[in-house]
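A.B. asks: Here is what each chain is made of, one letter per residue.
Protein chains: 6
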Amino acid sequence: MRPSDRSPDQLRPVTLETGVNRYAEGSCLVSFGQTKVLVTASVEEHLPPWLRGKGQGWVTAEYGMLPRATHTRGRREAASGKQSGRTQEIQRLIGRSLRAVVDLKALGERQVTLDCDVIQADGGTRTAAITGAWVALASALDYLREEGVLKTDPLTDQVAAISCGVFKDTPVLDLDYEEDSSAEADSNFVLTGSGSIVEIQATGEKRGFSRAEFDRLFALAHGGCETLFALQRQAIGR
Amino acid sequence: MRPSDRSPDQLRPVTLETGVNRYAEGSCLVSFGQTKVLVTASVEEHLPPWLRGKGQGWVTAEYGMLPRATHTRGRREAASGKQSGRTQEIQRLIGRSLRAVVDLKALGERQVTLDCDVIQADGGTRTAAITGAWVALASALDYLREEGVLKTDPLTDQVAAISCGVFKDTPVLDLDYEEDSSAEADSNFVLTGSGSIVEIQATGEKRGFSRAEFDRLFALAHGGCETLFALQRQAIGR
Amino acid sequence: MRPSDRSPDQLRPVTLETGVNRYAEGSCLVSFGQTKVLVTASVEEHLPPWLRGKGQGWVTAEYGMLPRATHTRGRREAASGKQSGRTQEIQRLIGRSLRAVVDLKALGERQVTLDCDVIQADGGTRTAAITGAWVALASALDYLREEGVLKTDPLTDQVAAISCGVFKDTPVLDLDYEEDSSAEADSNFVLTGSGSIVEIQATGEKRGFSRAEFDRLFALAHGGCETLFALQRQAIGR
Amino acid sequence: MRPSDRSPDQLRPVTLETGVNRYAEGSCLVSFGQTKVLVTASVEEHLPPWLRGKGQGWVTAEYGMLPRATHTRGRREAASGKQSGRTQEIQRLIGRSLRAVVDLKALGERQVTLDCDVIQADGGTRTAAITGAWVALASALDYLREEGVLKTDPLTDQVAAISCGVFKDTPVLDLDYEEDSSAEADSNFVLTGSGSIVEIQATGEKRGFSRAEFDRLFALAHGGCETLFALQRQAIGR
Amino acid sequence: MRPSDRSPDQLRPVTLETGVNRYAEGSCLVSFGQTKVLVTASVEEHLPPWLRGKGQGWVTAEYGMLPRATHTRGRREAASGKQSGRTQEIQRLIGRSLRAVVDLKALGERQVTLDCDVIQADGGTRTAAITGAWVALASALDYLREEGVLKTDPLTDQVAAISCGVFKDTPVLDLDYEEDSSAEADSNFVLTGSGSIVEIQATGEKRGFSRAEFDRLFALAHGGCETLFALQRQAIGR
Amino acid sequence: MRPSDRSPDQLRPVTLETGVNRYAEGSCLVSFGQTKVLVTASVEEHLPPWLRGKGQGWVTAEYGMLPRATHTRGRREAASGKQSGRTQEIQRLIGRSLRAVVDLKALGERQVTLDCDVIQADGGTRTAAITGAWVALASALDYLREEGVLKTDPLTDQVAAISCGVFKDTPVLDLDYEEDSSAEADSNFVLTGSGSIVEIQATGEKRGFSRAEFDRLFALAHGGCETLFALQRQAIGR
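If you read the sequences in order, they're chains A, B, C, D, E and F. Taking UniProt numbering, the leading residue of the first sequence gets 1, the next gets one more, and so forth. Taking UniProt numbering, the leading residue of the second sequence gets 1, the next gets one more, and so forth. Taking UniProt numbering, the leading residue of the third sequence gets 1, the next gets one more, and so forth. Taking UniProt numbering, the leading residue of the fourth sequence gets 1, the next gets one more, and so forth. Taking UniProt numbering, the leading residue of the fifth sequence gets 1, the next gets one more, and so forth. Taking UniProt numbering, the leading residue of the sixth sequence gets 1, the next gets one more, and so forth.
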């Protein structure tokens with residue numbers, strides 16, 4: 001029934017490759033099927049002005065898409081002179097999601113920027129970015145501890161994200177582009193390893209959706225994130 | 001327990017005043033306690049280029065905040081030269097929410113722009129804007145039918161929105177600013193009169209939240225929207 | 001003869017309502033007939049860099065128009081990414097006019113920003129803004145004295161403004177939009193309570209105008225401002 | 001008494017040199033003492049979209065200042081990414097002033113752009129620009145008639161402009177920078193050859209000014225413009 | 001003597017991998033040692049307005065660098081709101097270089113955009129981009145011929161580029177970052193397969209350079225490009 | 001053969017007039033035939049943030065073109081809100097060229113900005129700008145020494161620039177616009193008085209060019225610059 005012949009609760013093949021950038025303190029190339037996002041974690045020993053002197057650090061994210069990451073070429077945001085509303089919405093979500101599992105005081109007065117650049121898009125770029133960003137961030141924090149910069153681990157939990165949707169009236173896990181573009185409803189769940197909810201975004205696209213549908217989406221997301229948490233631990237060797 | 005002495009499931013006093021702008025085809029000044037949003041619905045007989053000739057219309061929204069709508073003066077977005085990510089995120093949500101209850105083909109090749117300007121903010125401006133925007137839109141569509149421009153009513157349902165959150169570990173309805181700024185979790189629900197879900201946004205602010213908390217937030221929102229639907233019908237005299 | 005049946009020297013009904021914003025140090029909703037401008041006076045205890053350490057304060061103004069303040073919807077300046085030349089010209093005029101009646105040394109090293117937002121426009125928005133801004137500013141300065149922040153009153157005089165024009169070859173006071181859009185000449189006078197001139201702007205729109213016409217416009221403005229000064233004093237209870 | 005030893009009603013040496021640009025349809029290098037403005041009149045056979053098909057033409061102006069036109073280097077507006085409020089205010093004034101003496105229907109469906117670039121500034125750049133722009137425009141229109149593009153002369157009158165101000169309590173004509181920066185009041189008058197008023201802008205800088213002072217400024221401006229009209233006629237050989 | 005222990009006339013390991021993007025008509029991941037640039041060739045069946053109806057096509061390029069492509073994180077150009085002068089200079093060079101080997105009439109009324117995104121930078125990104133862009137372009141044109149869109153091959157020649165510089169007073173081929181940042185002179189040569197020169201850019205960085213040094217740089221570039229031409233032919237299977 | 005009847009190695013008449021701006025520390029109006037560029041050198045006793053406290057100064061350049069410097073009016077960059085890629089490329093070249101002959105440590109912690117504004121363009125504006133900028137800079141540095149601000153001369157050499165091209169298959173010196181717009185190849189050489197090369201930019205416009213052609217262009221440039229060096233020395237009275 002699904003264009004990819006997956007069962008409703010089946011993820012696409014997911015890979016999380018670390019050490020893909022020679023300069024970044026942490027990095028991860030995350031693939032969910034044909035969706036590929038390159039995440040780098042950059043540590044800088046200074047903070048934005050509004051955070052200085054408060055005895056804590058900051059984690060923030062930026063998101064971008066290469067112009068030909070998609071079926072038809074999109075306009076380069078650097079050329080059009082501004083980031084779209086969609087881009088800003090996504091990077092705000094990524095930043096919030098990662099901060100939910102970091103003890104900013106333990107991080108100290110430094111900033112980690114998670115650059116999430118979509119090399120190729122086939123649905124689910126924001127959830128892939130969050131899932132990969134945790135790996136890049138964990139790698140960077142491991143590096144800082146190895147270097148003796150950090151004494152303790154500021155990471156308090158794992159965080160991963162997955163999209164679900166109602167496609168041809170059936171709730172399914174991990175929408176690809178073909179499903180996403182004709183789904184009746186679309187949702188993104190950001191969950192922690194310890195089982196709490198960081199963020200839920202659910203939108204009726206073609207029609208409103210029911211409470212029963214929502215509950216099923218939630219259950220699918222819960223199962224999908226369990227798999228992602230295992231892959232994340234494996235990627236960073238824990 | 002709540003700073004306003006409200007019970008957990010109690011809305012602030014809500015008013016929806018129509019006819020507040022002499023030029024707009026529809027308008028509504030919506031108040032949720034001290035939060036006041038002026039919404040105008042402007043009908044234009046032309047469409048953005050990408051929608052022309054498709055036999056349908058469009059409903060879109062813009063959102064703004066007067067500089068001193070808040071405790072301390074914020075920078076005027078027109079002066080800073082761009083709309084913030086928050087502004088864009090909110091106006092995209094308002095547009096999506098209203099389009100969910102409009103038959104765009106029945107609207108014909110015209111556009112309705114819902115301008116939501118926050119005169120005073122005390123929490124919940126986006127949900128107040130959606131709730132008031134439905135009233136302004138319904139008024140404008142009534143006007144178009146009275147003028148004979150529209151033969152049928154493109155409105156397919158009511159839509160309203162409300163925020164809920166976990167404040168001091170208790171789920172509560174309709175957060176004011178004081179609650180919002182220290183809530184553990186924050187959510188916005190956009191629901192239709194016929195009971196389906198248009199959009200859910202739920203975010204853990206200070207900590208992740210549990211499934212049980214989420215279910216309670218959902219129940220509060222459901223109850224709150226029932227009250228809002230009745231007030232909307234009353235405001236437009238149906 | 002005038003579309004509104006007013007006599008040539010007759011103002012529209014003018015109201016100046018104070019205390020209309022719960023956060024601002026001073027505020028005024030000013031109406032000249034159907035023209036409505038919301039003015040807030042915001043006091044901030046810091047100055048722009050070029051003024052710091054000079055032992056004086058600053059008064060500045062910003063002006064904006066809600067998109068549907070006018071007959072047809074105008075583009076939102078925050079969305080178009082810049083303020084128009086007209087907007088900048090008006091806000092510079094408002095700032096200059098108010099500074100003319102403030103002793104900036106007596107104000108101390110703080111800044112008052114007068115935000116003038118046009119809720120509905122029917123001609124004369126800039127002169128209404130100036131007239132209302134004086135009331136908002138006076139309220140804010142009264143508040144600062146009550147709070148003990150200021151020992152003396154930095155206000156040295158009243159200031160008010162009114163438009164006049166040549167409409168169908170007759171000089172008339174306080175143009176509404178219908179008159180303004182077909183007037184042969186258009187002028188704005190900013191005068192002080194003690195009788196001196198702060199600013200005159202007079203423009204031939206359809207034709208040049210004569211010295212005799214100008215003198216008559218001046219006399220009308222003088223009379224109109226006398227009424228406005230009385231209303232201002234009444235509004236702030238002096 | 002004046003820093004330049006001029007009498008109160010004495011202009012600086014004024015020159016109007018035509019034919020200073022080999023490409024422009026008309027051009028004029030205007031000097032008022034050390035103030036030097038290069039004006040070019042460019043004729044284009046197309047109109048801005050909002051004017052097309054209305055059977056008339058348009059005259060518009062742009063104004064700029066070379067970065068080192070002033071005592072200390074100013075920031076290049078092209079580098080800062082926007083034109084200042086002052087620049088926009090001035091170019092709007094120049095455009096309005098020239099349109100006041102052009103029959104736009106007789107001009108036909110074409111646009112004349114008057115570029116006024118300040119090579120060196122010593123006060124009075126906007127009035128010098130208007131005075132020189134008339135010469136450049138007249139030259140361009142003469143050229144169009146010689147070429148047979150225009151059958152009749154769209155110019156209906158002369159227009160010139162001059163600044164006056166109250167300097168050390170004395171009304172004086174044609175302020176230079178030293179006077180301008182310490183004047184109590186400052187004004188610009190735009191007058192036509194036939195004696196009517198196109199625009200008056202008068203501002204109290206250090207204090208308000210009186211009606212008697214204003215009348216004296218007006219008289220000075222009237223005399224100064226008479227001289228400018230004669231120089232303009234001489235410059236274009238009429 | 002070289003930090004990388006290469007001989008003066010030795011290239012870094014160069015790879016040209018095609019088919020790296022599933023959507024683009026042509027693509028190439030080019031590596032010069034640690035410098036990695038992803039190039040996609042996007043074919044669009046419309047032209048910029050100024051080229052329409054002239055019976056020819058267009059080839060253009062855009063260039064970008066991921067924020068952490070470099071040792072320290074650079075600011076994202078989409079976030080800063082404009083492309084730097086350096087970026088614009090490079091993308092203009094890439095476009096010119098590729099157009100030099102395309103018969104634009106044979107291309108027909110379509111545009112090919114070459115997006116060159118630097119994944120990792122270690123010197124020589126612009127020359128790597130040109131070299132890889134030729135491969136991506138050739139692949140896209142091959143694809144258009146296979147699809148029957150093009151009857152003839154618009155490619156008239158190969159083009160490749162390489163940097164050379166004077167490092168510690170010795171002319172060397174293919175500078176890496178460490179050499180580039182301390183070189184006395186730096187140059188880029190763009191040459192065609194048939195031996196003609198498309199572009200030379202040579203700059204004295206720490207000192208001017210002599211004619212003899214320039215001649216040696218030229219000879220090195222000539223040799224390096226011979227190798228690149230062979231690798232290009234191999235990459236596209238010719 | 002050349003449109004201007006010049007021999008292949010003949011410069012246009014070149015003039016370098018100093019002292020053309022009453023405020024700038026140094027200035028030069030440079031003409032190459034009908035190409036006219038006004039250069040001012042502005043000395044400021046502060047540096048950009050990234051250069052402070054390093055015990056050295058900075059020399060930078062900005063470039064602009066008046067809208068009607070060209071055959072048809074170009075858009076004003078200040079109005080379009082950004083500098084074109086061409087403008088940025090040129091001003092970066094001018095800055096690099098002049099820094100090549102300045103001892104930045106001897107300059108001390110101050111900045112010289114060379115504003116190069118094209119009054120009229122007929123080909124070769126960037127090379128005229130460099131040639132004139134050296135004169136303006138030398139004048140400013142002479143002034144600083146006369147004032148006692150500088151003890152030694154930071155100028156280490158002369159620098160001049162000239163364009164050459166292949167026009168109708170013949171290498172020629174100093175292209176005017178008519179030649180430039182149809183040349184097969186175009187190049188700019190920036191050379192020092194002592195015979196070293198600062199910058200070479202050579203581009204095939206209609207076709208690639210050969211090594212023999214390049215060598216001839218180089219020889220022409222060498223001869224042309226000798227003349228320019230003599231004119232520069234004469235202009236500053238050395």
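Since the hints were derived computationally from the structure, they do not count as laboratory data. There's no promise every hint is true.
[As the list claims (entries may be wrong)] The list that follows gives simulated cross-link-like pairs (lysine to aspartate or glutamate, EDC-like), each with its CA atoms no further than 20 Å apart:
| # | chain 1 | residue 1 | chain 2 | residue 2 |
| --- | --- | --- | --- | --- |
| 1 | A | 82 | C | 184 |
| 2 | A | 168 | A | 9 |
| 3 | D | 82 | C | 5 |
| 4 | C | 206 | D | 77 |
| 5 | E | 206 | F | 205 |
| 6 | F | 206 | E | 77 |
| 7 | C | 54 | D | 157 |
| 8 | D | 105 | C | 77 |
| 9 | F | 82 | E | 103 |
| 10 | B | 206 | A | 44 |
| 11 | E | 54 | F | 215 |
| 12 | F | 82 | C | 77 |
| 13 | B | 105 | A | 89 |
Only a predicted model underlies this, so the values are computations on that prediction, with no experimental measurement involved.
A.B. asks: Hint by hint, say whether it matches the structure.
C.D. replies: Quick rundown of the hints versus the structure:
1. A/82 with C/184: Answer violated: residue 82 of chain A to residue 184 of chain C is near 43 Å, above 20 Å.
2. A/168 with A/9: Distance ~15 Å between residue 168 of chain A and residue 9 of chain A Cα, so the pair holds.
3. D/82 with C/5: 44 Å, violated
4. C/206 with D/77: The hint is violated at about 33 Å.
5. E/206 with F/205: Distance of about 30 Å is beyond 20 Å: violated.
6. F/206 with E/77: It is violated: about 33 Å lies between the C-alpha atoms, which goes past 20 Å.
7. C/54 with D/157: 49 Å, violated
8. D/105 with C/77: 32 Å, violated
9. F/82 with E/103: 32 Å, violated
10. B/206 with A/44: 25 Å, violated
11. E/54 with F/215: Roughly 36 Å separates the two Cα atoms, so the pair is violated.
12. F/82 with C/77: 19 Å, holds
13. B/105 with A/89: 29 Å, violated
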